[in-house]
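Protein chains: 2
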Amino acid sequence: MMAVNFEVFKDFCAVDGIELGITQAGVRYQNRDDMVLIQLAETAVTAGVFTLNAFCAAPVTICKDHLAKTNPRYLLINTGNANAGTGPDGYQNAIDSCKLVAQTTGCSAEQVLPFSTGVIGEPLDMTAFERGIPAAFSDLSRDNWERAASGIMTTDTLPKGFSTQCEISGVMTTITGISKGAGMIMPNMATMLGFIATDASVDKSVLQTWCKQLADASFNRITIDGDTSTNDSCMLIATGKSPLVISDADSAEAQQLFSELKNAFQVLAQAIVRDGEGATKFVTVEVSTAASHKEALDVAYTVAHSPLVKTALFASDANWGRILAAIGRSGVENFDLEKVQIFLDDVQIVENGGRCVSYTEEAGSAIFAKSEFAIRIQLGRGDIEETLWTTDLSHEYVSINADYRS
Amino acid sequence: MMAVNFEVFKDFCAVDGIELGITQAGVRYQNRDDMVLIQLAETAVTAGVFTLNAFCAAPVTICKDHLAKTNPRYLLINTGNANAGTGPDGYQNAIDSCKLVAQTTGCSAEQVLPFSTGVIGEPLDMTAFERGIPAAFSDLSRDNWERAASGIMTTDTLPKGFSTQCEISGVMTTITGISKGAGMIMPNMATMLGFIATDASVDKSVLQTWCKQLADASFNRITIDGDTSTNDSCMLIATGKSPLVISDADSAEAQQLFSELKNAFQVLAQAIVRDGEGATKFVTVEVSTAASHKEALDVAYTVAHSPLVKTALFASDANWGRILAAIGRSGVENFDLEKVQIFLDDVQIVENGGRCVSYTEEAGSAIFAKSEFAIRIQLGRGDIEETLWTTDLSHEYVSINADYRS
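As given, the protein sequences belong to chains A and B, one line each in that order.
Heads up: the first sequence begins at 102 in the working numbering, then just goes up one per residue.
Heads up: the second sequence begins at 102 in the working numbering, then just goes up one per residue.
If you are wondering where the hints come from, they were derived from the structure by calculation, not from laboratory data.
Identical chains blur together in the list; that is why a pair holds if it fits in one copy or across any two.
Computed list of lysine-lysine pairs in BS3-like fashion (alpha-carbon distance at most 30 angstroms, straight line):
1. Lys342 <-> Lys165
2. Lys165 <-> Lys440
3. Lys170 <-> Lys440
4. Lys313 <-> Lys170
5. Lys395 <-> Lys313
6. Lys165 <-> Lys305
7. Lys363 <-> Lys313
Bound-form chain A, shown alone (with noise of 0.2 angstroms):
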């Protein structure tokens, strides 16, 4: 298996007011990496967006909780199992070991928030925890990113990182992420997780209303199978240790950070995408002059999820009429089909409810050739777009999927 057009991050930039352990609990597995603790400075401001799965994990439910409560101090992010359909035990497993944390370093068990990925269903085992967590905070160290992207992985094939500097107002800001998934669902191995932190000041209700902006332009715009995880979490971190401060979301400097902090947020959102089980091909699914997002995200996710597309797209087929079925049954009312048009890149293949006159099966074939390309579909009925990303369906994902426990 071979991620499409992807790179693995090598230059990460270490954000003020930020350490992190890694270590090997044995929560599920051993001699392999599989719990991180990331510290922050008090100064810190930290924001959130979860799974709407309504069969959330514990630990979700736990750090809803303690977010709106307190300035976190700690995340304890565990691979290997996702302390999900866990019943009431699994509530009181995550917070025992916010509580673990607490007495580790200090601070109160509110102040911490747990994430979890790995196998649903399972009892956690809490003396992997109780070893855990000491030794990754005697690791503690700023320059451990690289380590701590490795450390959430669980079944994805390569780490996910992304780090950048720029000068906001004179102030050289740093904004360093990591994310993880791979499917949205392993078998029993969940879960989309990605931690983005800036050493920028950031008003706390700026932070949270960009924290959603930023996942719904990225995590959120992202499908590999349409299964939703039940642990599902994105981390938006502000430490608060440079000069550069935010408080009004209009100002010039808050709008460039929020264009630095989405292009961080869509790189590693993406390397989920190209790092997706089985996928050979990375698709980008844009739906323009829709009349609303509503109706323009129901078109670019049917088209996103259908098996037939893309089986196509695995084949390298330009098999138009199945993007066309899958626009016609996506549920908008009074389509006008004279007016829908679809693009493969810049290769127009329907106008006028039929193929184009223009298209030819060599120009359509020579664009689903090719390992990275956009299905680009005009609706024709108002001025909303709205762009996701999304893989092929292989042998491969069937291969993961079927396989694995068996």
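Let chain A serve as the given structure and place chain B on it in line with the hints.
Same frame as chain A, now just chain B:
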């Protein structure tokens, strides 16, 4: 590829008032039956339900138009070309095919309903219709149901039919039907079709209401890959040749006929699933104690369409976390997780938001090893129930849909 627990139906009873003719018209391929003409008695009443895909094919549009204006005398079905995504020329070709039937048979063009299934986006070869229609007409016979079942196949591996006779109010009544469909769309090969006839006399408005209700309990409750075709059509014909007259849908004889028709519709619909692309499992998804039909269907379809649930079915892996996660992302609001219960046949896997205490991996695996079983989900919110039927996602599915044109 083998269909799941599928026995080819052989004992067709003719329906008074219906004759069928089959021919090799050469619409796309040579040396295979690809055109079926069905002649209805003047006394026959016809009802239909059609795809909701906004990009519905030209023959579907013409079919709906003609059905609204007349009591049809002929149904013309061709395989090899769906006449979908063909723009204005497609409409003209569909109308012209009706005119050819009218010329051959002496009816009016509006008394002909056209049905097409096959490649999307290619113009119809009208010379095949000029050749085929007279040949099919001269082949008309009341005993041709079995050949017609084969004549409407595209990528189906087996012909699908059902026939029964039952006494209703002292009148021996015949119900006979055929259907086709394997994926919702194969590599440009489209369409579910169903044609079911009885010799009873049924009031037209009752028949139309029934056709919708029956399709909703059968063809609209099957899903292989979630891709609704541009050409799906289901027709219910009452020839009025037997002394049984149904004008009041609430009468005892009406309810008995409805019940017999429902069985026929479900057998024909389930046959499509059993012969689904790459299917190795036939799975019933039953959602009960829901607050509404919409939420019951949302849950059932989310589970049935989840690639992770489907690959687990293929692997015979009792990976119940995937079922749980699919239910959780189905969009039902204010779930009380404590009340959700999940069973595999009679083996309970989930209670109180976690794994059932009595559940064992062995018990779950024993069910998943079966070729046919039910995933039963109780939501604990009301008294509504919905059932649908689906298959697994196998390597064969990817091969069929990815390798066909390559």
